[in-house]
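The primary structure of each chain is shown beneath.
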Amino acid sequence: MIEVQTDDGIRFRIPKQESLGMRTDVLVFASPELIEQIRRDLSLRQAVNVATLPGIVGPSLAMPDIHQGYGFPIGGVAATDWEEGVVSPGGVGFDINCGVRLVTTNLEKDEVRAKLRELVNQVFRDIPCGTGGKGRIELRDKELDEVLVKGARWMLERGFAEERDVECAEEGGRLEGADPAHVSSRAKERGRPQLGTIGSGNHFLEIQFVQQIHHPEAARAMNLHEGQVVVLIHCGSRGLGHQVCTDFLAEMGAAMKRYGISLPDRQLACVPIQSQEGQAYLAAMRASANFAWANRQAILHFLRDSFRRVFGNHVKLTTLYDVCHNIAKRERHEVDGKKRDVLVHRKGATRAFPPGHREIPAVYRHIGQPVLIPGSMGTASWILVGAEGAMRETFGSVCHGAGRLMSRTAAKKGRTAKQVEKELEERGVIVRSETKDGILEEVPEAYKDVDEVIEVVHRAGLAHKVARLRPMGVIKG
Amino acid sequence: MFEVLEHTADIGFRAWGSTPAELFAHAALALEAIAVDTSQVEERYVYPIAAAGEDYETLLVNWLNEVLYYVDGERVVMGRFQIDQISPERVSGKGWGEPRDPVRHPPRLVVKGVTYHQLSVKQEGERWVAQVFLDI
Chain X
1 MIEVQTDDGI
11 RFRIPKQESL
21 GMRTDVLVFA
31 SPELIEQIRR
41 DLSLRQAVNV
51 ATLPGIVGPS
61 LAMPDIHQGY
71 GFPIGGVAAT
81 DWEEGVVSPG
91 GVGFDINCGV
101 RLVTTNLEKD
111 EVRAKLRELV
121 NQVFRDIPCG
131 TGGKGRIELR
141 DKELDEVLVK
151 GARWMLERGF
161 AEERDVECAE
171 EGGRLEGADP
181 AHVSSRAKER
191 GRPQLGTIGS
201 GNHFLEIQFV
211 QQIHHPEAAR
221 AMNLHEGQVV
231 VLIHCGSRGL
241 GHQVCTDFLA
251 EMGAAMKRYG
261 ISLPDRQLAC
271 VPIQSQEGQA
281 YLAAMRASAN
291 FAWANRQAIL
301 HFLRDSFRRV
311 FGNHVKLTTL
321 YDVCHNIAKR
331 ERHEVDGKKR
341 DVLVHRKGAT
351 RAFPPGHREI
361 PAVYRHIGQP
371 VLIPGSMGTA
381 SWILVGAEGA
391 MRETFGSVCH
401 GAGRLMSRTA
411 AKKGRTAKQV
421 EKELEERGVI
431 VRSETKDGIL
441 EEVPEAYKDV
451 DEVIEVVHRA
461 GLAHKVARLR
471 PMGVIKG
Chain C
1 MFEVLEHTAD
11 IGFRAWGSTP
21 AELFAHAALA
31 LEAIAVDTSQ
41 VEERYVYPIA
51 AAGEDYETLL
61 VNWLNEVLYY
71 VDGERVVMGR
81 FQIDQISPER
91 VSGKGWGEPR
101 DPVRHPPRLV
111 VKGVTYHQLS
121 VKQEGERWVA
131 QVFLDI
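Line by line, the protein sequences are chains X and C.
For the first sequence, my numbering begins at 1 and goes up steadily by one.
For the second sequence, my numbering begins at 1 and goes up steadily by one.
To be clear, the hints were calculated from the coordinates, so they are not data collected in a lab.
Where a beta carbon is used, it is the ideal one built from N, C-alpha and C, also for glycine.
Fair warning: there could be bad hints in the mix.
[Claimed, not checked] Pulled a few chain X residues facing chain C out of the computed Cβ check, cut under 10 angstroms:
hint : residue
1    : Glu-33
2    : Gly-69
3    : Gln-122
4    : Asp-126
5    : Cys-129
6    : Ser-407
7    : Glu-434
8    : Lys-436
Please build the complete structure, drawing on both the sequences and the hints.
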């Protein structure tokens with residue numbers, strides 16, 4: 001059993017003496033209740049393994065939604081020195097730039113409630129989950145390469161986006177330094193028909209309303225009010241990113257030997273950032289991230305049509321913000337009083353920059369970067385803003401969701417999809433899923449309490465609560 | 001032949017076979033069955049599959065990656081596999097199946113990737129056993 005130490009009941013530390021090979025401490029943000037749940041799976045051991053990565057700077061960090069992943073825990077953050085450190089595809093994950101876009105509407109809860117079933121069915125028809133079929137956008141080779149370089153900006157050029165959609169996205173919906181030449185033809189073929197699709201697993205599109213505002217000033221900047229209907233889109237780079245991760249994991253396993261790196265878990269495979277393999281991975285990862293931004297944009301484009309069809313042409317859908325929560329990015333952070341360039345791996349963690357940061361769009365700069373946290377199906381989601389504490393303690397990062405508690409097989413035991421659908425309907429939530437298992441595996445009880453997770457990051461001063469959102473309609477794979 | 005294993009966020013399976021060849025064929029079936037309902041697959045076409053590795057474990061991951069690419073890249077579902085040649089460094093064989101049809105082969109889960117997490121391929125007495133976790 002790994003020993004954790006805490007002074008304040010929020011910061012739980014595993015000192016580097018715990019395990020041979022640790023180069024730094026592990027720091028977990030949690031509550032006494034959450035840490036007990038966290039201890040039940042392998043996630044703390046995985047955070048300890050991350051602490052052995054060559055060139056790691058600061059502690060191996062874990063957010064309160066941490067749960068067992070592969071190599072890295074999900075909810076993990078690790079910064080490595082840009083010159084001396086390593087990049088690990090496992091620190092980004094298979095779903096590169098899995099992320100969240102939140103869209104506000106000019107509709108109120110009651111108006112939408114009256115036509116909710118019609119709306120959910122319309123969205124379900126217009127936006128394929130893509131578990132069995134294809135998306136609606138056909139890309140030629142040259143166009144796909146352009147998407148990989150330009151991300152959401154390509155969608156803007158083609159008339160699939162409004163200017164604000166790209167302005168109010170992390171990195172403007174496009175990471176610099178993407179190179180399609182480092183994306184295998186397999187990755188391209190796997191992803192090509194999937195542009196504009198949601199995927200399965202925990203990915204979903206949710207129609208929600210603003211239940212409660214906690215931060216009036218930030219809510220004003222976001223044009224949010226109680227009772228307003230919003231839409232949350234949670235998905236990533238689909239098969240393209242999955243294949244890029246697969247390709248580079250295979251390559252890095254062999255390359256690690258050449259660089260003399262040995263690690264406790266093969267899934268942590270990594271190479272020096274400045275190596276040829278490291279640079280190739282980053283170029284392919286950025287291309288995948290751009291594909292994911294284009295994907296969320298394509299979904300928004302079709303979503304606008306769905307809303308207009310049901311409510312008429314006066315409906316306006318405006319991007320509030322778009323965040324990625326599986327990514328590695330070069331950033332400048334203060335470490336022990338000195339500014340350093342680091343590669344921040346966020347594996348199931350969201351960037352949360354504080355007020356005044358130049359990376360934040362002008363409309364939000366005075367309140368901090370919007371942070372979008374999807375809850376589990378049918379519970380609640382949150383909008384936060386990044387705070388100074390995140391810059392001091394977590395390389396500008398917070399949690400990414402509720403965090404799973406129960407395996408999919410356990411979640412399915414003793415109930416049917418029909419029962420779950422009915423229970424959710426009694427709570428005012430209509431669900432449509434492409435697969436039967438999709439509903440069962442994502443039952444709310446399978447997750448930690450999202451409110452408790454948010455309470456930890458709020459109390460730790462990493463981010464501040466802005467609004468709590470309640471679901472009305474869910475579309476999932 | 002195989003059983004599905006629990007993991008907090010994802011899914012795994014344990015597969016068996018009397019030889020490494022049978023084990024690899026059963027592991028491929030497990031992956032198919034997790035991704036798609038394979039009960040109505042017709043053996044209309046034969047698809048070649050080959051992979052290389054450093055040992056049976058990496059070989060199995062690479063083999064399953066080939067099968068997964070058929071499922072998610074080529075959009076093909078297979079219901080039977082046969083291994084023609086296998087060593088710890090190389091495997092070749094084939095699968096029988098057809099292009100995916102969402103009506104006859106309802107999708108179950110989108111498998112993102114095959115992981116090295118708690119991966120094992122072992123000989124236990126008379127049989128070969130593998131454990132694999134998939135990211136979904």
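At a threshold of 10 angstroms, is the proposed contact between X/Glu-434 and chain C supported by beta-carbon distances? holds (7 angstroms)
Restraint satisfaction for X/Gly-69 [CB to CB of chain C, less than 10 angstroms]: Result: holds, 6 angstroms to nearest chain C Cβ.
Let me know if the C-beta of X/Cys-129 comes in closer than 10 angstroms to any C-beta of chain C, holds or violated. holds (9 angstroms)
Agreement of hint X/Lys-436 with chain C interface, Cβ distance less than 10 angstroms: Holds, because the Cβ-Cβ distance from X/Lys-436 to chain C comes to roughly 8 angstroms (cut-off 10 angstroms).
Given X/Glu-33 was flagged as interface, is its beta-carbon under 10 angstroms from a beta-carbon of chain C? violated (17 angstroms)
For the hint on X/Gln-122, does the least C-beta distance to chain C fall short of 10 angstroms? This hint is violated: X/Gln-122 lies away from chain C, its Cβ roughly 20 angstroms from the closest one there, beyond 10 angstroms.
How about X/Asp-126: closest beta carbon in chain C under 10 angstroms, or not? violated (17 angstroms)
Can we keep the X/Ser-407 interface hint, with Cβ of chain C closer than 10 angstroms? holds (4 angstroms)
The structure is inconsistent with the numbered hints 1, 3, 4, although it conforms to all the rest.
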